[in-house]
Amino acid sequence: MRITQGTFSYLPDLTDEQIGKQIEYALEQGWAVSLEYTDDPHPRNVYWEMWGLPMFDLKDAAGMLGELRECRKAHPDCYIKLNAFDSTLGFETMRMSFMVHRPAEEARYRLRREEFAGRLVRYTLERA
Amino acid sequence: MGESIDLKSLLAESGVTGVLDELDRELVGLRPVKTRIREIASLLVVDKARAALGVEGAKPSLHMCFTGNPGTGKTTVAMRMAAILHRLGHVRKGHLVAVTRDDLVGQYIGHTAPKTKEVLKRAMGGVLFIDEAYYLYRPENERDYGQEAIEILMQVMENQREDLVVIFAGYKLRMDTFFQCNPGLGSRVAHHIDFPDYSVEELEAIAGGMIEELGLRLSPSARAALGDYLRLRREQPNFANARSLRNALDRARLRQARRLLEAGRVDAGMLMTLEAEDIRASRVFDAARASGATEEAPC
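The listed protein sequences correspond, in order, to chains A and B. With my numbering as the guide, the letters of the first sequence map in order to residues 1 to 128. With my numbering as the guide, the letters of the second sequence map in order to residues 1 to 299.
It is possible that some hints are incorrect.
Using 16 Å as the maximum straight-line C-alpha spacing, the simulated EDC-like pairs for lysine to aspartate or glutamate come out as follows [to be verified]: (1) B:K59 x B:E158; (2) A:K59 x B:E118; (3) A:K59 x B:E162; (4) B:K115 x B:D103; (5) B:K117 x A:E24; (6) B:K172 x B:D131; (7) B:K115 x A:E67; (8) B:K117 x A:D57; (9) B:K93 x A:D57; (10) B:K34 x B:D194; (11) A:K73 x A:E24; (12) B:K93 x A:E114; (13) B:K115 x A:E36; (14) B:K117 x A:E70; (15) B:K93 x A:E28.
With the C-beta cut set under 7 Å, the calculated list includes, among others, these residues of chain A facing chain B [said to hold, decoys possible]: (16) D57; (17) K59; (18) D60; (19) A62; (20) G63.
For the record, the hints were derived by calculation from the structure and aren't laboratory data. From the three backbone atoms N, C-alpha and C, an ideal C-beta is built for every residue, glycine too.
Please model the entire structure based on the sequences and the hints provided.
Following this line, the structure appears as structure tokens:
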């Protein structure tokens, strides 16, 4: 199952060149870019591991692409996403966040159906 | 012969002529430095022409080493260098990141590599300026973490040439021993540029610019006094060229301010003019008079 999340989730995976251009765009806007990785890409899991600190004073995409290479080498079987954080007053939030790496064998999820009294049904997404 | 390219128009297109002329106009003296920068600019333009004609060559290594006494303009030129390399398309962003040993070397095991990498990341797409680079290497302590920083630097200088240019700076003698102790680093630095000391005339020209920037002017007698001051100060120890000059002017401004307060009423001309007495009150003249007196004493 192909897992999609965040910005560009409807597109095929970006190449490194395209990722670089997105980073350039984020830096031009004055956003700070950072990397996060996880082995649990469940949509409700918001606690991804940080790969280093957000780079607040980066000027060029090359630095971040280098970090991405390192991160892929260290965690080839994890999902990695790139975040761009906007610190301007009023936003102070993520403006862009997209996946930059997925493992060769993707995580699988299954929909579990539970029945309760009065024909009530609850659904849960669980790791297969 | 196939198609041809007009190098002159290519140079004009890049807008680098403006920066080079500005360099000539605004920086006094520094003949060898300017020549070398022009050469580098020409090389990059020729490389561009080659690329336009489809001859693909490796990007030249432009890591540099600036040596010279304090106050000879190493940082100023490095700043210009970043702008020039950016106009010529050698670096993508053209910013300058100036660091010293403290920014690169950590305090405990495992602290240095992330610190150095962080700085390198910041400098990517621009110029990394390492001031007093010889402090990175401490031969007296073989467990010094500086060595680690040097190794990471070398690796990036070699493998990511298109991403950043590294400029080392420091005093001539100590830089020479630094490169002797780290031959790998020395061989990766293609351009060694020596910054000569300024002559008195050049220093006077620099003073003219500084004073104009401060919104002041020198009275004719003050101009003569400044010349005398520079001739004397140059012979004394710890002379830091343009930096000493700036300090001297700052002190002259202090004396001028005190003199004006004591005068009570002033007009615009007085507020703007440095007089000879503001400069002649300097300790440099005292020292000269004292040594002059002892020399004369036997007669």
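16 Å limit on alpha-carbon distance, applied to hinted pair B:K34 and B:D194: holds (11 Å)
Restraint check for B:K117 with A:E70, where alpha carbons must lie at most 16 Å apart: holds (12 Å)
Restraint status (C-alpha distance of B:K172 to B:D131 at most 16 Å): holds (12 Å)
Hint status (Cβ of A:D57 to nearest Cβ of chain B, threshold 7 Å): Holds - the Cβ of A:D57 comes within 7 Å of chain B, reaching about 5 Å at its closest.
Restraint check for A:K59 with B:E162, where alpha carbons must lie at most 16 Å apart: holds (15 Å)
Pair hint outcome, B:K93 versus A:D57 [Cα-Cα no greater than 16 Å]: Distance ~13 Å between B:K93 and A:D57 Cα, so the pair holds.
Hinted pair B:K93 and A:E114, Cα distance within 16 Å: Not OK: B:K93 and A:E114 at ~57 Å, beyond 16 Å, violated.
Pair hint B:K117 and A:D57, alpha-carbon separation not exceeding 16 Å: holds (13 Å)
Holds or violated: B:K115 to B:D103, with C-alpha atoms at most 16 Å apart: holds (7 Å)
Straight-line alpha-carbon gap B:K117 to A:E24, limit 16 Å: violated (20 Å)
Minimum beta-carbon distance criterion (7 Å), A:K59 to chain B: holds (5 Å)
Restraint check, 7 Å cut-off on beta carbons, for A:G63 near chain B: holds (3 Å)
Violated hints for the displayed structure, listed by number in ascending order: 5, 11, 12 and 13.
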